[in-house]
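Just so you know, the sequences run in chain order A and B.
Oh and the first sequence: position 296 is 296 in the working numbering, straight run, nothing missing.
Oh and the second sequence: position 76 is 76 in the working numbering, straight run, nothing missing.
Source of the hints: derived by calculation from the structure; they are not laboratory data.
Check each hint, because a few of them may be wrong.
[What the hints assert, rightly or not] Listed next, with one range per pair, are the computed distances between beta-carbon atoms:
1. ASP49/B / PRO84/A: 45 to 53 angstroms
2. LYS19/A / ARG57/B: 44 to 52 angstroms
3. PRO84/A / PRO92/B: 21 to 29 angstroms
4. ARG57/B / SER148/A: 52 to 60 angstroms
5. PRO125/B / ALA18/A: 54 to 62 angstroms
6. PRO125/B / GLU6/A: 41 to 49 angstroms
7. ALA164/B / GLU293/A: 26 to 34 angstroms
8. LYS60/B / PRO84/A: 47 to 55 angstroms
9. PHE282/A / ARG43/B: 55 to 63 angstroms
10. ALA295/A / LYS60/B: 40 to 48 angstroms
11. PHE85/B / LEU259/A: 53 to 61 angstroms
12. ARG115/A / PRO125/B: 22 to 30 angstroms
13. GLU159/A / THR114/B: 48 to 56 angstroms
Here a beta-carbon is modelled for each residue, glycine too, at the ideal position from N, C-alpha and C.
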Amino acid sequence: MRFVDEFRDADKAHALAAKIAALCEPGRQYKLMEVCGGHTHTIYKHGLEDYLPESVTLVHGPGCPVCVIPMGRVDDAIHLASEPDVIMTSFGDMMRVPGSQGSFFDAKAAGTDIRMVYSPLDSLKIARQNPDKRVVFMAIGFETTTPSTAMTVLRAAAEGLENFSIFCNHVTIIPAIKAILDSPDLRLDGFIGPGHVSTVIGCRPYEFIASQYGKPVVVAGFEPLDILQSIYMLMLQLSEGRSIVENQYTRVVPWDGNLAALKAINEVMELRPYFEWRGLGFISHSAMRMRPEYAAFDAELLFQVPGVRVADPKACQCGEVLKGVLKPWECKVFGTACTPETPIGTCMVSPEGACAAYYNYGRMNRHRVVEVSIS
Amino acid sequence: MTGRTAPDAAPGPRAGWVDEALREHEEHTRAAMSRPKTAAPEREQQVLDRIDRARRRRPKVREERITMSHGAGGKATRTLVEAIFLDAFRNPLLEPLEDSAQLHLNGSRVALTTDSYVVSPLFFPGGNIGDLAVNGTVNDLAVSGATPLYLSAGFILEEGFPVADLNRIVASMKDAAAVAGVQVVTGDTKVVQKGKADGCYINTAGLGVMEYDGPSLGVATARPGDAVIVSGTIGDHGVTIMLARGELDIEADVVSDTAAMNGMIADLLAATTGVRALRDATRGGVATILNEVATAADVSVVVDEDKIPVRMEVRGASELLGIDPMYVACEGRLVAVVDGAEADKALAALRAHPLGEQAAIIGHVTAEPPGIVLLKTAFGGTRIVDLLVGDPLPRIC
C-alpha cells in the first residue's frame with residue numbers, strides 16, 4: 001500500500017540497524033526517551049526493539065493523552081455527564097479510563113449519556129440535533145488535538161450555539177519534558193521528539209533541551225522506519241558529542257509549526273496557573289483553560305464541578321512508568337491486578353499507554369522469541 | 001476553576017473491584033516479593049510467569065453492569081460466558097465452548113447451535129441481517145464438521161418497522177437458505193414497543209448431522225508442526241459495517257464477505273484427513289481464534305504478517321482508524337488448523353472452491369512459547385497478538 005509500505009521496509013530497517021549498532025561504543029549504555037505515546041505504540045506494534053542492540057534502551061515518555069488525566073478529572077467529567085439533560089462527548093480512548101467510581105463505560109452502562117466522537121466537530125452536530133440538551137465535550141490531548149477543540153469553539157461561537165461547552169483538559173508537552181529532565185531519578189541520553197505535537201508547535205520549543213540540558217532531540221514520524229532513523233540520528237549526535245534539535249519528520253513538521261493553529265488556540269484558550277498530571281503531580285503552566293471571553297463555552301463555569309483530588313491506588317505506579325523510571329513490567333500490579341480489561345492505572349488503558357502496549361504486544365521473553373523467529 | 005486548590009489528596013472512595021483486585025494481587029504476590037532480588041531478565045521472566053498464572057485464574061466478572069465490551073467478542077465476552085453462563089449451566093456438552101454442541105440422539109450424532117443477530121445498519125453492501133442470520137448459524141454447524149439441515153428463526157420486531165424492509169430481509173434469508181441447502185422449519189415472532197428495540201433482531205438456531213468420520217475436530221488438538229490457513233481476505237465484513245454506519249465519512253469499495261461455508265468445508269474435509277480444527281472468524285476476528293488455539297492446545301501460533309490476505313481497502317480503512325484487521329469480524333471466512341504434511345492438499349481444496357480462491361497459509365504451530373500468538377511483522381520484528389480488549393478504540397493522535 002502506497003505511503004505505508006515504504007515506511008515499513010524490512011531491508012532498509014536492517015541497514016539502519018547495522019548503522020546504529022556500529023555507533024554503539026563498547027560498554028556504554030544508551031537510554032533514549034520516546035516522548036509520545038504514538039511512538040510507543042508503533043515500537044511495540046511493529047516489534048521495532050528487535051532491531052536495537054542490547055545497549056540501546058527505549059524509555060517510554062509521558063506523551064499519552066489519556067494516561068496523564070488524573071482520577072479526579074474523570075470523576076468531574078462523570079459528574080458533569082450525570083447533570084440533567086447533559087450529553088457528554090469524548091474520544092474513544094477516554095471511555096475506559098478509570099475514575100474513583102469507574103469509567104465512562106461504567107457511567108454509560110449506569111444510564112448517563114456519554115457518546116464517542118471522532119472529531120470535536122461531531123459534538124456540534126449532536127448539539128444542533130438536540131437543542132433541548134446541553135452537550136459537553138470532554139477535551140483531552142496535547143497540542144495535537146488542542147487546535148481542533150479551539151476551532152470547534154470558534155465555530156460554535158460563530159453559529160451562536162448556546163447548548164455546547166468544553167470541559168477543557170488540554171495539556172502542553174514542554175513542561176512535562178522539563179519535569180522529567182529535572183527529575184533526579186532518571187538519566188536520559190536523548191529524546192525522540194513528538195511528531196504530531198510538533199506539527200503545531202514546531203521544533204523551536206525543544207531547543208532548551210539541547211542547549212541547557214545538553215541532550216539531543218530528533219522530532220520523529222510515526223512509521224517504524226521514521227523511528228529507527230531518528231534513533232540513528234540521535235546515536236550519530238551522541239557519537240559526535242553534539243546536542244541539537246533535528247527534524248526527521250520533515251514531510252509533515254514545519255520548523256516553525258502551524259501558525260494558524262497556534263493562533264486559534266491563543267484566541268480561545270490560556271494557560272492555567274497549574275494542573276495536576278497523573279503520576280507527575282502538579283505542574284505549573286502545563287495545561288490550558290478557556291479564556292474569559294469564551295466563558296459561555298466553559299463547562300467548568302457553567303456547571304458545578306466537584307474538583308476533588310483523588311489519590312491513585314497505592315500500588316499503582318503510573319507516575320514512575322510515565323517518567324520512564326520503571327519499565328511497565330516493573331510496576332507491582334502490572335498484568336496481575338492491572339490489566340487492559342480491568343485497568344487500575346491509565347497507562348494500561350490507551351493503546352498509546354506504555355503498559356497497554358507492552359501487555360498487548362510485548363508480553364514475552366525476548367530471548368525465547370528470537371529463537372522462535374529464527375526457526 | 002472550582003475548589004481545585006489543595007495539592008494534598010485524600011484517598012477517595014473507589015469502585016469495589018479495585019480494592020478486591022489489589023487484595024487478590026497481594027495474596028498472590030506476597031511470596032514472590034519476599035524473595036531476594038535477581039537480575040533484570042530473570043525478574044522480567046518472573047513477572048511474565050506471574051501474569052501467565054493470573055491469566056489462567058478462574059474468570060470473574062468485576063463490573064457491576066453489562067458494558068459494550070461484554071459483547072465485543074474479546075476477553076470480556078469470554079469472561080462473561082465462562083463466569084456466568086458456563087458456571088450456571090455447566091455440563092460436559094457445553095464445556096468445550098465450541099461453535100456448536102455435539103449430541104448423541106438414538107444412535108445418530110447431531111450438532112446444535114444458536115446465534116442472535118443485532119447488526120446495525122440492517123442493510124449493508126454485500127448483504128443484510130437476513131442472510132447474515134442464515135449464514136452465521138450454518139457456518140457454526142459446518143465448522144464442527146456437521147452437515148447443516150434445519151434452522152429455526154425468531155424475530156424481535158420494533159413497533160413501526162417497515163413491512164417492506166421485513167420482506168427484503170426474509171427474501172434474503174430464503175435465498176441464503178437455498179444456497180446453503182437448509183430449511184427454516186420453525187420460528188417465533190415478538191413485537192416490542194417503539195424504542196425498545198432497534199428495528200429488527202433475529203435469532204436462529206441450527207441443527208445438523210455429523211457425517212464426517214475423520215479425526216475429531218477441536219482447537220485443543222493442534223500440535224507443533226501444524227499449518228494455519230485462512231480461506232480468504234480478512235476483515236471485509238467488519239470494515240463494511242463500520243463504513244456503512246456513515247459516522248466516519250470514509251468511503252471505500254468494500255462489501256461484506258457474508259456467505260455459507262458448508263460447501264467449502266465439505267470439500268476440504270473430503271480432500272484431507274489432516275484437519276485438526278476449523279473456526280469461523282466472526283467477532284474478535286482471526287486474532288481471537290488463534291488465541292483460542294494457543295490456549296486450548298498449550299502451543300504457540302506463529303503468524304507471518306506478510307502472508308495474511310487483507311484487501312487494500314480494508315487495510316487502508318484500518319490504518320486510518322487505528323484498528324488491526326486481525327481483530328475485525330468476518331462472516332464467511334474459515335480459519336483451519338491442518339497437519340503440516342497435509343497443508344498443501346488442504347490449501348488446494350480451499351482454493352478450488354469459489355469462496356476460498358484467496359486462501360493462504362498464514363502461519364504455523366510451534367511448541368514454544370506456549371499459550372501465545374506471535375506475529376512476525378512485515379517490518380521484520382516480532383510481537384504478540386493478544387485477545388481483543390473492548391471494542392476497537394480509535395486512536396486520537
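Against the structure, test the hints numbered earlier, and report the numbers of the ones violated in rising order. 3, 4, 5, 6, 7, 8, 9
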